[in-house]
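For this one, chain A is given, so just place chain B on it according to the hints.
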Amino acid sequence: EPEVTQTPSHQVTQMGQEVILRCVPISNHLYFYWYRQILGQKVEFLVSFYNNEISEKSEIFDDQFSVERPDGSNFTLKIRSTKLEDSAMYFCASSFRLAGAREDTQYFGPGTRLTVL
Amino acid sequence: AQKITQTQPGMFVQEKEAVTLDCTYDTSDPSYGLFWYKQPSSGEMIFLIYQGSYDQQNATEGRYSLNFQKARKSANLVISASQLGDSAMYFCAMRNANTGGFKTIFGAGTRLFVKA
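These protein sequences, in sequence, are chains A and B.
Numbering follows the numbering used here, with no gaps: position 16 of the first sequence is 16.
Numbering follows the numbering used here, with no gaps: position 39 of the second sequence is 39.
Among the hints, erroneous ones may be present.
In silico DSS-like cross-links for lysine-lysine, where the CA-CA straight-line distance does not exceed 27 angstroms [claimed, not checked]: (1) B/Lys115 / B/Lys16; (2) A/Lys57 / A/Lys83; (3) A/Lys83 / B/Lys115; (4) B/Lys73 / B/Lys3; (5) A/Lys57 / B/Lys115; (6) B/Lys3 / A/Lys42; (7) A/Lys42 / B/Lys115; (8) A/Lys78 / A/Lys57; (9) A/Lys78 / A/Lys42; (10) A/Lys83 / A/Lys42; (11) A/Lys42 / B/Lys70; (12) B/Lys70 / B/Lys115; (13) A/Lys42 / A/Lys57.
I should point out that these hints are in silico values taken from the structure, not numbers from a laboratory.
With the rest of the complex left out, here is chain B:
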């Protein structure tokens, strides 16, 4: 079964510090993509970062990096130098190339609070 698990319902971080948001996934498909989306209080879903299952290196996009540990089936998001504007809900998501059809499946999300 394809599944995304985010075990941290809420996280606090001090401004300017780094924070790691956990994500584990389950799939039998060898080809898949992992995504992180940010959902601020305004409600929109903002794409942050992508990691392909065959990518040799961890993905990075500015202050966002993805700690991809394939054997452990984890894809943790690392936000460096947190800013107040990073306060939002963060969703880990997955698409399976061969068995998942057309949909992206999402985890339950982690709400991040950045303290000044």
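Excised from the complex, chain A in its bound form:
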């Protein structure tokens, strides 16, 4: 069964450093997303991406964040200068359709746990 994959599974970085989190969405999906989950808290939407551009972003997704689909398979989230409060689990997700039916289900990857020291 196709699945979303993410690398690395765990990333430790120093405050102020840049990190890139990588995702490979399900191959026939058209919509891509990043979410984050601070430990013990609810899952929060960061950004969605469609047709090679950001389609929606939350207030969390400030200028420190960027997303890119550098080729036909990868989808990346870059944090330019990490802060302590960026420590969280970051989930990539993808869906085939936008909304309206079961096909719009977002399938999540296993997550990347980011620890900022």
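Frame of chain A; chain B shown alone:
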């Protein structure tokens, strides 16, 4: 405002028994989808079941069923014949077709403990 409420922070169930996890939602969009995800201790988010706002029947997927009461805006997850491997965090989530944009919004989750 679009909102998901899960009022049970933790639930216990005996192995082989059924358990219901509560979820209520708020939206003014007539077209929406409701989802349940399971998050085991390993951290991944596993899709369990989907219910569309226009679906006439309650969704079922194996041991999972969704008790959808549209007028009450509730979408409770029923797990039948609980297994030890069902111990996990469970999130109710919603997407709004017309007004919600691209995101899924999540409830705070319910942690389920299955006792042997």
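Status of each hint after checking the structure:
no.: 1; hint: B/Lys115 / B/Lys16; result: holds (9 angstroms)
no.: 2; hint: A/Lys57 / A/Lys83; result: holds (19 angstroms)
no.: 3; hint: A/Lys83 / B/Lys115; result: violated (40 angstroms)
no.: 4; hint: B/Lys73 / B/Lys3; result: holds (11 angstroms)
no.: 5; hint: A/Lys57 / B/Lys115; result: violated (41 angstroms)
no.: 6; hint: B/Lys3 / A/Lys42; result: holds (12 angstroms)
no.: 7; hint: A/Lys42 / B/Lys115; result: holds (25 angstroms)
no.: 8; hint: A/Lys78 / A/Lys57; result: holds (14 angstroms)
no.: 9; hint: A/Lys78 / A/Lys42; result: holds (22 angstroms)
no.: 10; hint: A/Lys83 / A/Lys42; result: holds (20 angstroms)
no.: 11; hint: A/Lys42 / B/Lys70; result: holds (24 angstroms)
no.: 12; hint: B/Lys70 / B/Lys115; result: violated (32 angstroms)
no.: 13; hint: A/Lys42 / A/Lys57; result: holds (17 angstroms)
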